[in-house]
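Protein sequences, first through last, are from chains A and B. Take -2 as the starting number for the first sequence in our numbering and just add one per residue. Take -2 as the starting number for the second sequence in our numbering and just add one per residue.
No lab work stands behind these hints, which were simulated from the structure alone. For clarity, every value in this text was computed on a predicted model and none was experimentally measured. Among these hints, one or two may not hold up.
As the list makes no split between identical chains, a pair holds if one copy fits it or if it spans any two.
[Stated by the list, open to error] Here are the simulated SDA-like pairs of lysine to any residue, each with C-alpha atoms no more than 20 Å apart in a straight line: (1) 143 - 216; (2) 121 - 180; (3) 50 - 66; (4) 191 - 12; (5) 42 - 119; (6) 191 - 9; (7) 22 - 33; (8) 60 - 29; (9) 191 - 19; (10) 171 - 208; (11) 22 - 125; (12) 44 - 100; (13) 179 - 26.
There are 2 protein chains.
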Amino acid sequence: MITIDNISIPLPTIRRFPAYLRLLKEHANRGEVWISATTLAEELKLKPIQVRKDMACTGVEGKPKVGFLVSELVLAIEHYLGWDNTTDAILIGAGNLGAALIGYKGFENNGLRIIAVFDKDRRKVGSQIGGIVVSQIEDLAKTVDKFGINIAIITVPAHAAQSVAEMAVEAGIKGIWNFAPKNLNLSDNIVIQKTDLVTSFAELSAKLINHLDEQKQIQGK
Amino acid sequence: MITIDNISIPLPTIRRFPAYLRLLKEHANRGEVWISATTLAEELKLKPIQVRKDMACTGVEGKPKVGFLVSELVLAIEHYLGWDNTTDAILIGAGNLGAALIGYKGFENNGLRIIAVFDKDRRKVGSQIGGIVVSQIEDLAKTVDKFGINIAIITVPAHAAQSVAEMAVEAGIKGIWNFAPKNLNLSDNIVIQKTDLVTSFAELSAKLINHLDEQKQIQGK
Chain A
-2 MITIDNISIP
8 LPTIRRFPAY
18 LRLLKEHANR
28 GEVWISATTL
38 AEELKLKPIQ
48 VRKDMACTGV
58 EGKPKVGFLV
68 SELVLAIEHY
78 LGWDNTTDAI
88 LIGAGNLGAA
98 LIGYKGFENN
108 GLRIIAVFDK
118 DRRKVGSQIG
128 GIVVSQIEDL
138 AKTVDKFGIN
148 IAIITVPAHA
158 AQSVAEMAVE
168 AGIKGIWNFA
178 PKNLNLSDNI
188 VIQKTDLVTS
198 FAELSAKLIN
208 HLDEQKQIQG
218 K
Chain B
-2 MITIDNISIP
8 LPTIRRFPAY
18 LRLLKEHANR
28 GEVWISATTL
38 AEELKLKPIQ
48 VRKDMACTGV
58 EGKPKVGFLV
68 SELVLAIEHY
78 LGWDNTTDAI
88 LIGAGNLGAA
98 LIGYKGFENN
108 GLRIIAVFDK
118 DRRKVGSQIG
128 GIVVSQIEDL
138 AKTVDKFGIN
148 IAIITVPAHA
158 AQSVAEMAVE
168 AGIKGIWNFA
178 PKNLNLSDNI
188 VIQKTDLVTS
198 FAELSAKLIN
208 HLDEQKQIQG
218 K
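Same shape as in the complex, but just chain A:
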């Protein structure tokens, strides 16, 4: 449960918010002013009761027969995701994954702006990735302080993750998005979001073996 402005929002609802937002913006672009919970449910393949509960969390009230004002829902959801103000972040680790995140179109409209990139490798310092000049890691604290940055995105190799995370926290970072395949050991005060590509692939891999086995058995019978 996440509490924002004294409203408690379940985490699964937060996770669905970006999908709602995407859809609502598509409807807004087509000039549509109202949207019903039924339409949202159909297009996102959710149960209408689920959509109604999620919408209740936004504080936006629907109107009988017509539904919700699209613009009102967009503003409310963006507010709860903190996407009404762009969130500035720094990125540590100027490799391929770092470049991908900087260039990721999906973030464009979702309030994430990567403003600085740091790397320990002296050979990378001064070069550009995604239009951002790579800075030496020693300048991290200065940048975090100067621009009041709260979020660091970590895309370094596993063995370097803990040490750069500690540097970031010491510099004043409050939230870390960790792409390194390594669990970070930090104070409970720090919000950590982990995206582990290897674990995701493991899941796909195992499910697929299971599935292909089943098919073989069916065909063998």
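Fit chain B to the supplied structure of chain A, relying on the hints for placement.
Just chain B now, kept in the frame of chain A:
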């Protein structure tokens, strides 16, 4: 629950397998032959009972006082993840994210090899990303068939995801790793793994707002 070789393995166990594997390989590299469940539990910050249950799923039996043979555990876990044979995959969408995945060091030892890259954009065809020449999407079916590929990784924009996924399935793809911020509508026969970066960022964002609010309230009191 995933069933492989008639052994049922819970999904959370599958998700922990890559972390075990990483740790076991580190121990093997240091020349260590045996490992205890207690050591595994301590290093991965898991409960020993959890580790014992996970190890039971591998079918490897521990020896009293000394624990498990590291090499046996590595082989067993790699087998259940299908990583004892490298899995070949194709990638659709030759953008930054595609390049990142091709260059991602984390996959190197985890049995995923991207052997071909496709893109709809004629201007990209013939260029290289991560050392692989980009092919036209029309050649997808031929490649899937020729090399017996089961997995497609989709890194195209949201609006193109459904159509390229359908092409892949028609070509014989059985498992899709979808990075496009879009739910795919495919036959139940297809295994889909979704990695949605925007949703992960939404979660981090909302947790952080919640957390900063709390801190403000504590400080204000």
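So, going through the hints one by one against the coordinates:
no., hint, verdict
1, 143 - 216, "neither (64 Å within a copy, 22 Å between copies)"
2, 121 - 180, "neither (26 Å within a copy, 37 Å between copies)"
3, 50 - 66, "within (16 Å within a copy, 51 Å between copies)"
4, 191 - 12, "both (14 Å within a copy, 13 Å between copies)"
5, 42 - 119, "neither (49 Å within a copy, 34 Å between copies)"
6, 191 - 9, "both (16 Å within a copy, 15 Å between copies)"
7, 22 - 33, "within (14 Å within a copy, 53 Å between copies)"
8, 60 - 29, "within (15 Å within a copy, 67 Å between copies)"
9, 191 - 19, "between (23 Å within a copy, 17 Å between copies)"
10, 171 - 208, "between (41 Å within a copy, 9 Å between copies)"
11, 22 - 125, "neither (33 Å within a copy, 35 Å between copies)"
12, 44 - 100, "neither (34 Å within a copy, 39 Å between copies)"
13, 179 - 26, "between (41 Å within a copy, 18 Å between copies)"
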